[in-house]
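Undergrad: Take a look at the letters that make up each chain.
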Amino acid sequence: MTTSAIEIRSVHKRYGSLHVLHEVDLVVRPGEVVCLIGPSGSGKSTLLRCINNLEKIQAGSILVDGGLVGYRWAGDDLQETTPRQARRARRDIGMVFQQFNLFSHFTVLQNLIEAPVRVLGVPRREAVERAEELLAKVGLSEKHASYPAQLSGGQQQRVAIARALCMRPKLMLFDEPTSALDPELVGEVLDVLRDLAGEAMTMVIVTHEMGFARQVADTIVFMDQGRIVERGPASQVLDAPREDRTRRFLERVG
Amino acid sequence: MSMVSLDRGTETRLPARILGRKKYGTWIAGAVAAVVVALVLVSAFTNENFSWSAFGHYLFSPSLLLGLGHTVELAVISMALSIVLGVVLAMMRQSANKLLTTAAGAYVWVFRATPLLVLLLLLYNLAALYPKLSLGNLVSVDTNTVITVAGAAIIGLTLHESAYCAEIFRAGLISVGRGQREAAEALGMPGMLALRRIVLPQAMRAIVPPLTNQFVNVVKTTSIVSVIAMPELLYSAQIIYARTYETIPLLLVVTFWYLVITALLTVAQRHIERHFNRGEAGL
Numbered sequence: 050m051t052t053s054a055i056e057i058r059s060v061h062k063r064y065g066s067l068h069v070l071h072e073v074d075l076v077v078r079p080g081e082v083v084c085l086i087g088p089s090g091s092g093k094s095t096l097l098r099c100i101n102n103l104e105k106i107q108a109g110s111i112l113v114d115g116g117l118v119g120y121r122w123a124g125d126d127l128q129e130t131t132p133r134q135a136r137r138a139r140r141d142i143g144m145v146f147q148q149f150n151l152f153s154h155f156t157v158l159q160n161l162i163e164a165p166v167r168v169l170g171v172p173r174r175e176a177v178e179r180a181e182e183l184l185a186k187v188g189l190s191e192k193h194a195s196y197p198a199q200l201s202g203g204q205q206q207r208v209a210i211a212r213a214l215c216m217r218p219k220l221m222l223f224d225e226p227t228s229a230l231d232p233e234l235v236g237e238v239l240d241v242l243r244d245l246a247g248e249a250m251t252m253v254i255v256t257h258e259m260g261f262a263r264q265v266a267d268t269i270v271f272m273d274q275g276r277i278v279e280r281g282p283a284s285q286v287l288d289a290p291r292e293d294r295t296r297r298f299l300e301r302v303g
Numbered sequence: 184m185s186m187v188s189l190d191r192g193t194e195t196r197l198p199a200r201i202l203g204r205k206k207y208g209t210w211i212a213g214a215v216a217a218v219v220v221a222l223v224l225v226s227a228f229t230n231e232n233f234s235w236s237a238f239g240h241y242l243f244s245p246s247l248l249l250g251l252g253h254t255v256e257l258a259v260i261s262m263a264l265s266i267v268l269g270v271v272l273a274m275m276r277q278s279a280n281k282l283l284t285t286a287a288g289a290y291v292w293v294f295r296a297t298p299l300l301v302l303l304l305l306l307y308n309l310a311a312l313y314p315k316l317s318l319g320n321l322v323s324v325d326t327n328t329v330i331t332v333a334g335a336a337i338i339g340l341t342l343h344e345s346a347y348c349a350e351i352f353r354a355g356l357i358s359v360g361r362g363q364r365e366a367a368e369a370l371g372m373p374g375m376l377a378l379r380r381i382v383l384p385q386a387m388r389a390i391v392p393p394l395t396n397q398f399v400n401v402v403k404t405t406s407i408v409s410v411i412a413m414p415e416l417l418y419s420a421q422i423i424y425a426r427t428y429e430t431i432p433l434l435l436v437v438t439f440w441y442l443v444i445t446a447l448l449t450v451a452q453r454h455i456e457r458h459f460n461r462g463e464a465g466l
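So the protein sequences, as listed, match chains L and S.
In this text, residue positions in the first sequence follow the numbering used here: the first is 50, and each later residue adds one.
In this text, residue positions in the second sequence follow the numbering used here: the first is 184, and each later residue adds one.
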């Protein structure tokens, strides 16, 4: 039996009295593409951020590639580790944010090679080569010397994806990667995601693009009010939802 | 057809040129300013009491240049120490540890609230409070050997300025969006690396202008140190005019040198700002 890429078991997350994630279970196989959909405030972004430990959890466990991120077993309990150990585990998990979060004082190339060189210790020349390969892949070879502010939103997001890929992650998390984009720029970013899915990269994508989710997702997970309401292939969840809440949501967005 | 004739209207003249607004107010204000400047210059060169020959005589006088050297030295050393201390204090205030934030907050409160003049006099007379400074039983020294005039001046200026620097750095750190830190975290960058490579360089955009301002202030504030008889620029001039009664020309020389230092700092600021603003939209 192969290890799951992600294994989420009975996870609870609270902000004070607010119960944001409620008994969430989810298993992602290597190479699987999972799209998280649901109304805003349903907890899908929070769940994504719990996977790479940007958010802490209050109960349950999350295994990435068979290992804990930011926690270790202490008897029957999970104990928070030092930030150093959490970061080490996080290197294998690429993350792409809604607001791109490119380093604005760095050029595109510097954005791409900073972490590989300084965190992984990859020789600079090798990192530059890899960065140029990835820039070519996202169609931005000629932009390597530009600053983020000189790029369109779609171009910035493609750079952000290339930056995450430079770390050679085992899986990629996307937090509403096209929500901050002008409508005519959404397509170029989704094309890159489609290519990645074609290369059997394990991906978890929080998205509002139902057409895209239908095309690339192996599994669609519908969340509402901190719980997973329904999951399954697109043909089931999007076309023949079993749950009322899913149906109502799809009617609203569709 | 009727649409076309409506669009054209009745006038088919095209203007030869488009002219800007006539700025009478600006011209009048400029003229008034020019007259005032001319009057000041005329008075400066006709009033004998300015004694410009004495100004020329003392401009490069060795004892004043030595004083200028002390002023620059004092300003640079206390500013450098204030920056280091300010960064530490700003980070303490951002820490999750309540004890650290409270301690840093108290420090900023005390040294921003104490007038520098009072602080300097207190430090200068520290020997009256603690005749000896000791570290356990290991080292014990006479307070007056540590708190020399220069020592008191540097310590006083540093305590005072670091409180301001702490606030400047805190404002700079806050100005960098949370997303930048999260992106660094997600890439597995250690905290100090993220601070040094990602957060601080961007915070510098907000830090450099007020920090230069602070430096200019420190340069001028060193003149207060003359009260504890530190031979910086002002005190060096005071020594001379106490003897020769050429008060005005000597104070003008002092003013001239402060102007020069400030001008140099302003030029430096422009270059530093350009460096840290790279990547900003439109650059």
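These are computed hints drawn from the structure, not numbers from a lab.
Please note that a few of the clues may not be correct.
What the hints assert, rightly or not - Pairwise CB distance ranges (calculated):
id, chain 1, residue 1, chain 2, residue 2, range
1, S, Val219, L, Gln199, 40 to 48 Å
2, S, Ala354, L, Glu300, 55 to 63 Å
3, S, Gly374, L, Gly65, 56 to 64 Å
Unchecked claim - Some but not every residue of chain S turned toward chain L, in silico, with C-beta under 7 Å:
id, residue
4, Leu197
5, Pro198
6, Ala199
What the hints assert, rightly or not - If you only want the chain S side, here are some residues facing chain L, beta carbon under 8 Å, derived:
id, residue
7, Glu350
8, Gly371
9, Leu376
10, Gln385
Each residue gets a CB set at the ideal place from its N, CA and C atoms; glycine is no exception.
Undergrad: If you test the structure against every hint from before, which numbers come out violated?
TA: Of the numbered hints, 2, 3, 4, 5, 6, 7 do not hold.
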